[in-house]
Amino acid sequence: MHLSIPETLVLVGLLTTAHSQTTSSVKWQASGGVQCPHPSVNTRWPTATGSTSFPTASVVPANAVFDGKMALFDRRGSPGDCKSQTELDEAAAVFILDPGATLKNVIIGAAQAEGVHCRGPCTLENVWWEDVCEDAATFRGSGPRYVRGGGAKGASDKVFQHNGEGWLHIDGFYANKFGKFYRSCGNCSQQFQRHVNVTNFVGIQGVVFGVNQNYGDTAELSNYCLAKIGVICTRYNGCVKPCEAGEVGEGALPPYCKVNGDDWT
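So that you can map any letter, position 256 of the sequence shown is 256 in UniProt numbering, and since no number is skipped, the others follow by simple counting.
Rather than coming from a laboratory, the hints here were simulated on the basis of the structure. For clarity, every value in this text was computed on a predicted model and none was experimentally measured. There may be inaccurate statements among the hints.
Simulated crosslink set (PhoX-like; lysine-lysine; CA at most 25 Å straight-line) [claimed, not checked]: (1) K228 <-> K177; (2) K258 <-> K228; (3) K83 <-> K258; (4) K27 <-> K241; (5) K69 <-> K104; (6) K258 <-> K177; (7) K69 <-> K228; (8) K177 <-> K104; (9) K83 <-> K177.
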């Protein structure tokens, strides 16, 4: 299904905002010089201007831009609805982005399994996940990917799953309650060296990074406000299916996991 704005989308008013959790009372750990909650990160949850449920995943064509104007999109009542913590393919996503596509000003509702899938280079700008099912977004293929602004809640597994090769750049994101914020695929059928850079980040309750040390993955975090983070990074020996990646250590260990600021070793 190629993406178009449904004629039935009903606008119910201008965007308003509400706190998903009060951040003023949180005990923060911050990188040097950052005042928490982070002044450059929006931690106020957007209110949807309307809603649409897709029967199948909607494709944003290569190099196209889809602006959702802060409406909510999901897969309610379809095979792409969230049923369990089961890893599915892109057919269960709400949006599939062809190489070079941009998705912006969108709320991904709870009734979906796989959120957003990028087939190559892509940009996610001001995209919010109200309740992550399996993963918020999965990145395949090659080329740089950019996440600018936005937020995610309730990702009991992962927020961002990196299956392809190359770089993922994340700037200005808010994550609240997550298993892992970022995970380099531990047992994909084809493995690559992967890199992630996260800056201007607010994270509450979860592990920030999971990387494959044996493949030379790198993860870097700067300009952050963190709370209830017991482990900043888990390092693995990744493998090729059928297998499970084995954990080799925790904590910051450059160059695999580099954290600017407090000592997270």
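For a C-alpha distance cap of 25 Å, please report whether K83 and K177 respect it. Distance ~19 Å between K83 and K177 Cα, so the pair holds.
Against the 25 Å threshold, does the CA-CA distance of K69 and K104 hold or violate the hint? holds (8 Å)
* Regarding the pair K27 and K241, is the alpha-carbon distance no greater than 25 Å? -> violated (41 Å)
- [ ] Compare the distance between the alpha carbons of K83 and K258 with 25 Å, and conclude whether the hinted pair is satisfied.
- [x] Roughly 36 Å between the alpha carbons, so the hint for K83 and K258 is violated.
Below or equal to 25 Å on CA atoms is what counts here, so check K258 against K177.
holds (22 Å)
- Query: Straight-line Cα separation of K228 and K177 no greater than 25 Å?
  - Reply: holds (9 Å)
Hinted pair K69 and K228, Cα distance within 25 Å:
violated (33 Å)
- [ ] Starting from K177, check that the Cα of K104 is at most 25 Å away, please.
- [x] Answer holds: K177 to K104 is near 23 Å, not above 25 Å.
**Prompt:** Are the Cα positions of K258 and K228 separated by 25 Å at most?
**Reply:** holds (19 Å)
Consistency with the previously given hints fails for numbers 3, 4, 7, ordered from lowest to highest.
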